Amino acid sequence: MSEEEKKEENVRVGIFVCHCGSNIGGLIDCHKLAEESKELPFVAHAEDNLYTCSETGLAAIKKAIEEHNLNRVVVASCTPRTHEPLFRECISEAGLNPYLFNFVNIRDQCTWVHMKHAQEAYDKAKDLIKMGAAKAVKLEPLEMIMVNITPAAMVIGGGVAGMSAALSLSRQGFKTYLVEKEDKLGGRLNSLYKLFPYDIDASEFIGNIISNVQNAKNLEILTSSQVINIEGFVGNFEVEVEHNGTINTFEIGAIIVAVGSSILDPTGLFGYDGNKRITQFELESKLKNNKINQKDIIMIQCVGSRIEERPYCSSVCCMTALKNALNIKDQNPEAHITILFRDLYTPGTEYEEYYRKAREQGVLFVKYDPEKMPVIEETQVKVFNEYINTEMTIPYDLLVLSTPLVANDDNKELAQMLKVPLEANKFFLEAHVKLRPNDFATDGVYIGGSAKWPVDITESISQGYAAASRASTILSHDTIEVEGATSCLPEYNKSLCTGCEVCVKVCPFNAIIKNEDDEIEIIEALCKGCGVCAATCTNQALVIRHFTDDQIMSEIFAYGGE
Amino acid sequence: MSVINFEFRNEVLKHNASLSYCYQCSTCSGGCPVALITEGKYNPRKIIEEAILGLQEKLVNEQDPNPWLCSTCQKCVELCPQKVELTEIFTLIKNQCFEKGKFPEAFSAQGQAVLEFGIAIPYSKAIISRREKLGLPSINTAPVEEIQTLLKETKFDKNITRGGD
Amino acid sequence: MSYDLFLGCVIPARLPYLEASARKVFEKLGIILKDVDGFSCCPDPTGIELIDHKTWLALGARNLSLCNNNGGVISFCSGCVETLKGVNYFINKDITVKKEVNKYLQKVGKVYEGNTAVKHFAEVLYENLDKVKETVEKPLEGFKVAVHYGCHYLRPSEIIEWDDPFEPVTVDEIVEALGAESVDYDLKLECCGNPLDKSDKDLSLQMIDNKLDAIQKAGANCVVVVCPACYQQYEFNQRELNKKNGTEYNLPIFYLSELVALAFGFKPQELGLNFHRVRPNALFENVGFKV
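Chains as they are written, first to last, in our numbering: chain A, 1 to 562; chain B, 1 to 165; chain C, 1 to 291.
Check each hint, because a few of them may be wrong.
Said to hold, decoys possible - Taking lysine-lysine and the PhoX-like style, the derived pairs with C-alpha atoms no more than 20 Å apart in a straight line are:
1. B/41 <-> C/201
2. C/98 <-> B/152
3. A/38 <-> A/126
4. A/126 <-> A/32
Calculated from the structure, these hints are not laboratory results.
Source: prediction; values computed, not measured.
Please put together the full structure from these sequences, using the hints given.
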């Protein structure tokens, strides 16, 4: 303790309270907060800035570090999510270790959520600064972890999304492996007839992409191949791929998941028989090979989707139905096509225009109520039309069911190998729906296309490119730094570890292993510092750097007293 | 139970293709003054949906909703986001009702007058004298035979003589 | 300036005093209206058109084929104007319609190419608004006028091609040019309900009741209309509504040409204002309008 105290004596904390324009300063008195902070233990300097993140603000931090000989910096402002890296870099430029910075959130957590209670917001901000300053006293310098990067990528899935990703990466000069479990590239597009909204021939379209892939430099195609094991971490994956009974291992820096999706098996739904009552997908194969001669055709939307068991909208079926209806009309203008729908989903001006075109060509739309499902009889469908409050019958000689895209059955195995999560419907789950839509929480692994969610071809291609672009942010470096605030088992705590392996089981990133010496080992490049292991450790042997017990307790004591 | 009638649907579409653009958003009914005071009993959107489905029986025979309750104010036509020409479609339906003799008697009186006099309101003696007092000129209206020849060509004479409900 | 005059049926054969005021106004403005022999019913766009579209087209085209004035044809009635503009619209929109119509006209030795310009009399007044202002001798001070545009003066805008279908200004501006005040009121652009008279008298009455109620609440002391159907709906139903519902409507209804004529200095007597069911005498007295 005495050593600790001695250390603390040299501690000089600087506090910077940001007005964030009027976001904070408009509600509470930032100048007063800064003045009051000067009274806190070990605080050598405090000031308020209109925008601490501005050039002026950052210059003020650097100047104060020099003038007041500061060795800890606290900024009380917006949110660490967006601004912590900036301030860390700032104090680093001024010669301090970046981990000697502490962020206090007084905008999101004070003036925004308590915008109608100025006094309470002020009091809370004052407490948070007090706590933040106390923790800052206890901060220790940490080093970022350097990881070497293997400049090679593997794209899993040779459909349109995967091929787009692979082409993009190989054209940027990265060695790229494209793994496809079928014996040829192309995925679902191989079975489609035409593509909306411009009626492009699907075979021609995908043929061009396949030939680009085949002719690409740096791009190795592995068809009839399956990923069977993945070890390692960002920049350093070892992927085992099985091909006709032989297993090859590849050294990979980044992985893109583009395995696509499957089509729901409609057996048992709306009298499906694969003959007179078929799926849109089957209709499309028929259109590709023959003319459709039936005169009365009914399509039913949302077959097996947007129901309790499968609550999501498959997003591509409306446009697919419109497309196939127009294609039939093209072959046979006299055909009567009725689309029974719940809601028509045709987003964007072009798709909306396509919907208008379908109405113009005489495609008939009848809305049905899921509470009163259409009844399929041998030659007619009975449907309740709520627009006119009338039950009506529509004859058919071909019934087409719009079934949704569903997650592949083998997603679970791949997810386990990659240590990435699936969502409730077993599609792959991205790191953040808005902020990181094509990343996984696991570094070095990316996602694109309908493996994530049902998307159409345009969107698959965009996402393929997006995933490639994200992967290249890793592959373009020889080394990368990863977060230094990780879990660790310090030498002085090793005797506390009983080897119970609870930490190994709870770690969501598979970052903890029991090594060859039968000791718990943390793979720091995989660790996200989430703290689950330390919280679970029965003997409190594990320590989370930057969030040590001592640091957290100091905050609590600062707030409530010892 | 109504059965979809593609023939009638196509007939209306051929007459006015704008029908196909309706997606039942209800802007027409929302702006319709008659829908407002009849609390939706008269509903232009419903008539359009029935026309889309070709429900001739409902439109012409049952007249549900009653197309003759349209005041022809044309607000719906102006409001429609898909530029459906509702009143023109209603006119087609009412023309069909007329051919089947299913129309309000008042229309018959006006039609009969036009057939008989060439004008909807013949000049009474009292009006002629009032016109003179007001210093207005006398009017030479259309030769009746000429109008009757024309109305025979359009078969109006037969349909109007048969009368309405 | 000169136009062929299309009178139609309702004004000359039932409300000739409206015609008298209109003729006087145009004469005073120096605009020549030429009477043409041989017109039939326009025919009624809320009557004949609804029961037989082709007959409506044929009769309308025949009427237009009789016009040969370079200025085109003018009418005092919104219904006639809609019909004549509508016939032009359909004939010019679809060549097969034009052919079919001319096939009928051929039987009576006539042909119509679709080139006759059609104007509403308020349209022409608005085009000569400066002249109207100059000609005012007795400004209509104290007249708080509820302007009723009526439907067919404005809509369908694709056929009428005149004022804005939902934010019209022309009649308001004419009324203000006469020195009167145009009073805004709820339901200003709603239908008077006249066409429903043929199919449902009660609904028709309910619609005019709602309009009169809104006009009264807005503090207007008279109404101006530009269509004889609207005129009759407002004029003829006030007493009936009062009897039926116990309301106390007593609003003078003016045709736009009557208001203009009064402002031009014509005497109520020569305009035939005594033929109105709701006499405007009390209004004249209240606002101090010397007649």
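Exercise. Any hints this thing doesn't respect? Which numbers, in order?
Worked result: No hint contradicted; all consistent.
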